[in-house]
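Using the sequences and the accompanying hints, generate a full structural model.
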Amino acid sequence: MAEKTKQQAKSSFGPVGKALDELDDRLGIAKGGRSLLDKIFPDHWSFMLGEVALYSFLILLGTGIFLTLFYVPSSTVVVYHGSYLPLVGQKVSQAYATSIDLTFSVRCGLLMRQMHHWACDIFLAAMVVHMARVFFTGAFRKPRELNYVLGSTLLILGIVEGFLGYSLPDDLVSGTGIRIAFSIIESIPVIGSYIAFFVFGGNYPGPQIIPRFFIIHVLLIPLIMLGMVTAHLFLLVHQKHTQFPGKGRTETNVVGTAMFPVFAAKATGFLFMVGGVITLLAGFAQINPIWQFGPYDASKISYAVQPDWYMGWLDGALRIWPAWEWTGFGYTWPLEIFIPGVVVPGLIFAVVQGWPVLERRYTKDNEIHNLLDLPRNRPKRTAAGAAVFALVTMMFIASSTDVIANYFHITLEAVLWSMRILVVVVPIITYFLTHKICQELQASQGAGKRKRANVVTRTPDGEYLSAPAEPRPGDEHVDLEPEPVPDFLEDPVVVRERKELLSPVSFTGVRNVVR
Amino acid sequence: MSSEERTPVAFSVAKADDPHMQPKAQNPKLAETLIGLVMLAGIGSLIGFAVAYGMNAQSWIMGGTLGAGVLFLGFGITAWGKYLMPQGPFVEERHTMRGTDDERERFKAAVVQRGGGILGRRKLLAMIAGAGMSAFAVVLIIPVFRSFGPLPGNTLNQTNWKQGTMLVDSTGRPIRVNDIAVGGVVTVYPKGLENTDTGQAVDQTILIRVGTEAVVTQQGRESWGPNGYVAYSKLCTHLGCPVGLYEQQLELLVCPCHQSMFTVTNGAEPIFGPAPRPLPQLPLFVGSDGLLRAQGGYDQAVGPGFWNRETSG
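Chains A and C, in that order, give the protein sequences. Each residue of the first sequence is one higher than the last, beginning at 27 in my numbering. Each residue of the second sequence is one higher than the last, beginning at 21 in my numbering.
No lab work stands behind these hints, which were simulated from the structure alone. Ideal Cβ placement from N, Cα and C applies to all residues, glycine included. Careful: at least some of the hints might be erroneous.
[Unchecked claim] So these bits of chain A aren't anywhere near chain C, every CB distance computed over 12 Å:
1) ILE91
2) VAL98
3) ASP147
4) THR179
5) LEU181
6) ILE185
7) LEU245
8) TRP335
9) VAL369
10) ILE423
11) ARG478
12) GLY488
[Unchecked claim] In silico PhoX-like pairs for lysine-lysine, Cα to Cα no more than 25 Å straight-line:
13) C/LYS211 to A/LYS117
14) A/LYS326 to C/LYS182
15) A/LYS65 to C/LYS44
16) C/LYS44 to C/LYS102
This is the structure in structure tokens:
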């Protein structure tokens, strides 16, 4: 009898249960695995922004591997003999020729290339918005400063990675971008030309750029990013999520849905949704048509082409900075490049990355924070973040001075000077305006909540009566008191079967110790 | 029955009517049907993709069917999780990151006392070991970086234009005095380098015919512009983009990257934009064979500024 029960217990929960038993015997997964399945994910729409970034990163890895199978990273000049007729017979680099061929000769190639490019744009955008969410809600505060720095470093790496990938097809537009990057590195005082020569393997352009950028783009940076993403997620699980204040939510607990099955289902579905949107974009919205740009030739250039959006703000800074080259002490100081190209982005990233330290020094707040702030309740932080966004946005707009001048039929000079002024003024106005809005929101009752409408009726006598309208659906919604995750054996049939199988076992939550 | 044979298990069970276990959907039957239909639409779309792929259909058809299929499946699975699974809210306690005082003290003791103590007892050895590590890092890093590229030396100050170098266009054709009409522009390279990286990236020069008489763009350049020809380095002095736009009526060269403008007849002085210096001018002469040649190299480095930029040479 005893033996039989043991056998039944061993094989409880069927073949999957048996497989899990075997795994636990060897790896000890039961304890940790169960707490992972019970892991609580707080619910808020803004918590999916990081997921968008993660999933588009996965899509980048997948589509990227596909592209490397066809792309040849070589600047060797070949005569093109592929399926894109306008190019046949022209001398182009092997990198460009294979980029064109993987676009037109490989089935699904164009789709994969455009997916890769769209996923990159979405990846970076999602990281920016995710970081903004973390910033404005104060999720970066102790104990999560390290994860904040990891995440913002991922953003910087992502920008570099995107730029490198953009350069690989060796088309006319991307080549101009590399030339500008070379000039920016060259502008660093004293060591600039040395760094430029070491990075590019000699003077611009040289045969090293394409193979070198390729291996950095497909191996070095993705590997670092993959490691950092893993660390980012590990810290997220280890330190547990932050949550907004609400019913039953304290600094010492996490309230939300459980990892398994609800979050797992939603996350899987959401991965598919992100993939679906990227695939649809790649199918219907053309991006980076390198066959139209033509192969790179350092002495040719195209008109009114903008870099990818995440590089635009740097380009804008270079555009509007005055021509301040200075010659002194027998040397040239190309400040008109060095300041907007190196110092300004360096300062912005330093402030952004150093913010947790700056804020802690200012507020002297050394407490552990697991509950999030509403942005309005931290007017100074919110205003500062908004000002940085305004600054970067103005820099971004400044990267299309020529397009603006053309479109509105105003002189370039007027646009240039407007941008030079706006890039200073708008962030300052934004700061004070945001600060004021936050204070107003704090002061007004029920701001951000739905208000009950008033219905005004007129009686036959001409008398006006005002009464609150019927509550709308959801108005009466009251959150339940959160409870620990049960074993999910809610099906009465299952419960009865298990009772027979595992008798004597209590289902009341009280442990029966059998002697 | 002994405890080795059977470990009693206590399940925590939520009752079937527990509100935490209820789906969010008001009408679960309807939700179930809709979700099923959405996922079926996804499968249908994916089959469509397989067909489109087999027929080598256009990219947008493949993207549309694959994207829609994946999106529909995603919608279905997400909606299943969102509307038909137990909604909670559930709660778990956080574990504080901080260890107990005891754990912290013992940890610190191990690091500071055990580790630091050993180092402190043999200061000289520790210093030598530290020096060894540093030497290793230096010895490793310097050659690695040094192998990445040649030293810049004077490379950035030089071009391949020399006395008598023939100007050729991108096809290698030399420029005869009457080849270009007034107002015409052509990008020229030193003969033999028109299809090379350095020829295109460093030596590229823009040749403009502004008239028929000798053009003097600045004092001291009286002989540089024979027969109405002027030649400037095509590398923008801002960031090195090719200054590719010639505005004929205003006689301006415009850089399309950041809109720096240079006056053609006035020594390519920058009159607008971020470029800090004029484009260097290439002195020309007409050889006895009627072909345009360079009198010599540029009198300064071409392109953007850098630390040891030379202004004469």
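Going through the hints against the structure:
no. : hint                 : in the structure
1   : ILE91                : holds, 17 Å
2   : VAL98                : holds, 18 Å
3   : ASP147               : holds, 16 Å
4   : THR179               : holds, 21 Å
5   : LEU181               : holds, 24 Å
6   : ILE185               : holds, 18 Å
7   : LEU245               : holds, 16 Å
8   : TRP335               : holds, 17 Å
9   : VAL369               : holds, 15 Å
10  : ILE423               : holds, 15 Å
11  : ARG478               : holds, 22 Å
12  : GLY488               : holds, 42 Å
13  : C/LYS211 to A/LYS117 : holds, 19 Å
14  : A/LYS326 to C/LYS182 : holds, 23 Å
15  : A/LYS65 to C/LYS44   : holds, 20 Å
16  : C/LYS44 to C/LYS102  : holds, 7 Å
In this structure, every one of the numbered hints holds.
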